[in-house]
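2 protein chains.
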Amino acid sequence: MKDIDISNELKILGLEAISNAGSGHSGSVMSAGDILFTLYTRHLISGLKDEPLRDRFVLSNGHACAGLYAILASLNFFSLDELKHFRSFGGLLTGHPEIDIPGIDSATGPLGQGVANAVGMAIAETIMNARFHLSHYTYCMVGDGCLEEGVGLEALSIAGLYKLNKFILLYDKNDVTLDGNLNKSSIDDMKLKFKSMGFNVLECDGHNKKKIDRAIDKAKSSKDKPTVIIFKTIIGKDTPLAGSNLSHGKVFKLDEIDSIKKKLNVEKPFLNLSVEAKEYMSLVRKFNDEKLSIRKKNFENFLKNNKNIEKNYKNFTKNALKIKNFKNLDKISTREANGIVLNEIAKNVENLLTLSADLSSSTKVKIENGGEYSATNRLGKNIAVGIREHAMGAIANGIALHGEFVPICSTFLTFSNYMMPAIRMASIMKLRVLFTFTHSSIFDTPDGVTHLPVEQLDQLRLIPNMIVARPADINECAVCYNWLLNEESKPMCLVLSRGNLPPLNINENMIDGAYLLKQGKDKITILSSGSEIQIALDVADALKGKYDVNIVSVISIEKFEQMEKSKRSKLLKGEIFVIESSPCVKYLKYTSENHIFNVRDFGVTGDETSLKNHFGFTSENISKKILKILK
Amino acid sequence: MKDIDISNELKILGLEAISNAGSGHSGSVMSAGDILFTLYTRHLISGLKDEPLRDRFVLSNGHACAGLYAILASLNFFSLDELKHFRSFGGLLTGHPEIDIPGIDSATGPLGQGVANAVGMAIAETIMNARFHLSHYTYCMVGDGCLEEGVGLEALSIAGLYKLNKFILLYDKNDVTLDGNLNKSSIDDMKLKFKSMGFNVLECDGHNKKKIDRAIDKAKSSKDKPTVIIFKTIIGKDTPLAGSNLSHGKVFKLDEIDSIKKKLNVEKPFLNLSVEAKEYMSLVRKFNDEKLSIRKKNFENFLKNNKNIEKNYKNFTKNALKIKNFKNLDKISTREANGIVLNEIAKNVENLLTLSADLSSSTKVKIENGGEYSATNRLGKNIAVGIREHAMGAIANGIALHGEFVPICSTFLTFSNYMMPAIRMASIMKLRVLFTFTHSSIFDTPDGVTHLPVEQLDQLRLIPNMIVARPADINECAVCYNWLLNEESKPMCLVLSRGNLPPLNINENMIDGAYLLKQGKDKITILSSGSEIQIALDVADALKGKYDVNIVSVISIEKFEQMEKSKRSKLLKGEIFVIESSPCVKYLKYTSENHIFNVRDFGVTGDETSLKNHFGFTSENISKKILKILK
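So the protein sequences, as listed, match chains A and B. When we follow this note's numbering, the leftmost residue of the first sequence carries the number 1, and every step to the right adds one. When we follow this note's numbering, the leftmost residue of the second sequence carries the number 1, and every step to the right adds one.
Okay, chain A solo, but in the shape it has when bound (with noise of 0.2 Å):
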């Protein structure tokens, strides 16, 4: 039997599951198959998430999942059964993969997020081979779309300038988008596009197996270049719709299906697979799962002859973690309180990496004594992105996603828009990464409107997996890093001030994410975070002979939302005030608006006290207020 019938019979399963479901995307199953048929069956070494040393294979067009579906499900990853249930409520089988299905190792779907997944994977690598020879290839298919969109290019500049040899991008260039050719979005000369970004270029008919094969040969030889392949594909191959964009999101009927299978001679039953296209499959996993053996065999032999690395490797991904108090330091920011707390974790803990957006000067995220890393230096731990946050966040994510490394991101708060579909997608598959944010309310920069943040804490808090935490000192930042490290994956945001805020006694309560930080005899107690503590506890001080309140530091308010209730309960003593430069809208479950002092408008240029006048943010006009309230 050849190799044509098989990959045809595996399009054609795609194209029945779409229609089975009632819904999918037909035109890049018939666009990518042969190139996704060539690669699974002649090179990529698959296996399950527990196995390092296998290749990843990120599919960044993640419409195309249907096609991917059957390869998968024809080598036994699951069921075939499993297709029936595709895009169905409780199927295995989603509408864009997701990594809880087997083979499946990034989520995808939002155009751009898995090339820059993909090249996170491939750096990952270079470091777990640079330390440990734990290596492989990072295999990542894009449509057009990636290929426009910001984040897959951002994240390609990056696959250049760190010379990631065994990263190979399998471009199905089919030419259309939903909308039309691709000619009435682009004219881009794709080829001198991924030269500039220093990309070894091949280019090869996507639709010719033996030549497909030949191309991924000579990628995978490239020895100082990523490599991309451009193979030049039909969308809706072999349908009546073959070559337009209506072919995109079709859904064919099943004698459509007929037709098609007739005119490429395949005979199969609905649903499944013949005997031989199983038989053959079943070879190819065979053959699969020896070569991942040999690598793993390999592997060992390697630690085996080197025990020092062999005992790095083992210990390298505990990252149990004890708070440690920090005592006697100078009033200093949070964000010089996490560099500090971030390089003293990092003595311990080894699978720590930074990235940063061009501003860990400002950020201070990074590892002092950790180096660059950099195309000459795979061991150096601070990876710098450029002006690049909405990568850096998706890369952080690749990363996370191969196994090993904790990455910690770094910018101001007020980018954190430029990064939020990364950051999505970190707690869409609970990925254990933190991001930094400085400059954390409206008051710590003269810089202007533009930089100030205002909506971001509470857009960061309002997606679903997230710990948003906002410490207001170095101890209540070292309890952050206990709740990433020690407990469940999860990502974090990490939002830190620039203004300098003085040390807080240390409590054995931080680590609940919110505590009584002041203990006063009336029923009034004030929530506040971060660079607002100070504020709170000037009106604490303002109010003193009146009244005698409670403080209560929220360093996380998702963290505060887990608590037991009746814990809970016992930090919301009386009348609720909350403090915060945010709008605070989740603080409207514990209080009424007229008790919350927060920010909802944009800043202005001008200095910490002009801006506190003005927005009357100081503990004066809201220890006026509250009397007012109270009275």
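A portion of the hints provided could be inaccurate.
Here are a few chain A residues that sit away from chain B, every Cβ distance over 12 Å (derived from the structure) [unchecked claim]: (1) F89; (2) K220; (3) E256; (4) S293; (5) E310; (6) K327; (7) N482; (8) E487.
If we take Cβ atoms under 10 Å as the criterion, some of the chain B residues that face chain A in the derived model are [claimed, not checked]: (9) P102; (10) F326; (11) A384; (12) S416; (13) P446; (14) L462.
No farther apart than 35 Å at their CA atoms in a straight line, the calculated lysine-lysine pairs in the DSBU-like style are these [what the hints assert, rightly or not]: (15) K625/B - K589/A; (16) K573/A - K589/A; (17) K311/B - K184/A.
Hints are computed from structural coordinates only; laboratory data are not their basis. In this text, a Cβ means the ideal position worked out from N, Cα and C, and glycines have one as well.
Given chain A, work out where chain B should sit, using these hints.
This is chain B only, laid out in the frame that chain A set:
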């Protein structure tokens, strides 16, 4: 007196303003100064914002503004004295450029936004030129950072696609970013990269004013391509930190500035200019105004000789609109409803433009008889931007900034995340831009978690100055356009369903933003919006016999909050419940958490019915819970 001295005087003036402010960005003042000087003294025909024929200039690397402010002051756009209050509270000259400043065409600061704004302006110019012979150049300065940002790269591809030959990019290539030399974060061959995107590429010494002059001349003569001039410059030139990243955010002390002045033979008073420089720049302004007035005369003469065009021009931006009632429509989705409304309005309102990130077939945001904008059809009203949501938003901002058009962007709600920084800039600048987002709930598509919006609606609602509307039928949709077109300039997000919804009774109070959709006898009120209105109506049915509830359709919670308090109070009768597919955080002002039926967790793959059952978003479940609470 030679030019060189005046350019140096102006750069020094910039350094002094920074020194006086105590913060700012000196490095790029010195790298970009000679380019800006040559542009403003020899090419740019500048003017105030009410002058449509002026050339446009966007400083995309907004942090370099001190140098630009110095030039604008010298040209009498504002008094030199303003430089004394640079970065001060209440001063005119903000930390980064803002549009209230005379001579500033776009607020910039977040990198990459400005270049996309400029592309939008250049697109607007091609349309105004084709329609009315209103023509000018659009210049944009970028640093290395703007060209690392994805949004900048997306926008440049669009400039190439649309052959914007009067778009001239002045690239201040100083090869240094905040954290170090550019080659730490980018080894892109920028010449090749620009070529791949369809640009004319010129290279030039950025400190040789004669050569700068000639290069800009050459750029202006381009017939069919946008032009980039890659100016090789030195960051912090002529300062002790020349060439070093440390000059980026350096604030030089007065004695350091004195040394620089001595070195450059600059003699001028502190925060002021020499008499000669003032005279020279006055002359420049005079010539500038003469050139502008010639351009105006030519334009007026053209209109005089083309009475039809003149009439069209004078009516072009009059987008006043009366709400029309749409009657007897079937059950349709609000995305379809919006398409109908938009096309109805477009019959009379001439200056609407749509931009689609390759989803117009799905979002239905398209002016049906408007034609497709292209390099050969500048009259087309539908602009394809490819899968580049971020640039779409920022280009729309640029089009709005140009002054004549109301741009309407479209994509899925979940992808609003991709364009958040641009949406924020629209709000900061109070631009009349409409952002339409379809697939408005987690029940709207079987595409799976990545395509299901959860937090986005509330994230958008947190942006200051923003109106977010989620209409439930075609007439609710129509009133949103009334707000957009007839009220003060402000951006709006219009969130639309994919699922079909029954039409509602026409109600004159829709225009308020929230109104009593169903009157009940009991003091129980359900607030709801968009696709959940139907659930609310079903809940009311289910409660019948026991309770007769009120239903308020909250088309826009921001509008609701702008209503007169007494009017609003009337809508908040008795016990308040909320039903909406979002976290509903803003509704916490009106009721307690357990009265809110919302969506806080990520969605999953599946059909609408299964998902509604899974998330308990059915009238059966919700009415049961309401009954329990009311007991």
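Hints, one by one, checked against the model:
no.	hint	in the structure
1	F89	violated (3 Å)
2	K220	holds (23 Å)
3	E256	holds (20 Å)
4	S293	holds (34 Å)
5	E310	holds (34 Å)
6	K327	holds (32 Å)
7	N482	holds (25 Å)
8	E487	holds (19 Å)
9	P102	violated (16 Å)
10	F326	violated (27 Å)
11	A384	holds (5 Å)
12	S416	holds (9 Å)
13	P446	holds (5 Å)
14	L462	holds (4 Å)
15	K625/B - K589/A	holds (19 Å)
16	K573/A - K589/A	holds (14 Å)
17	K311/B - K184/A	holds (33 Å)
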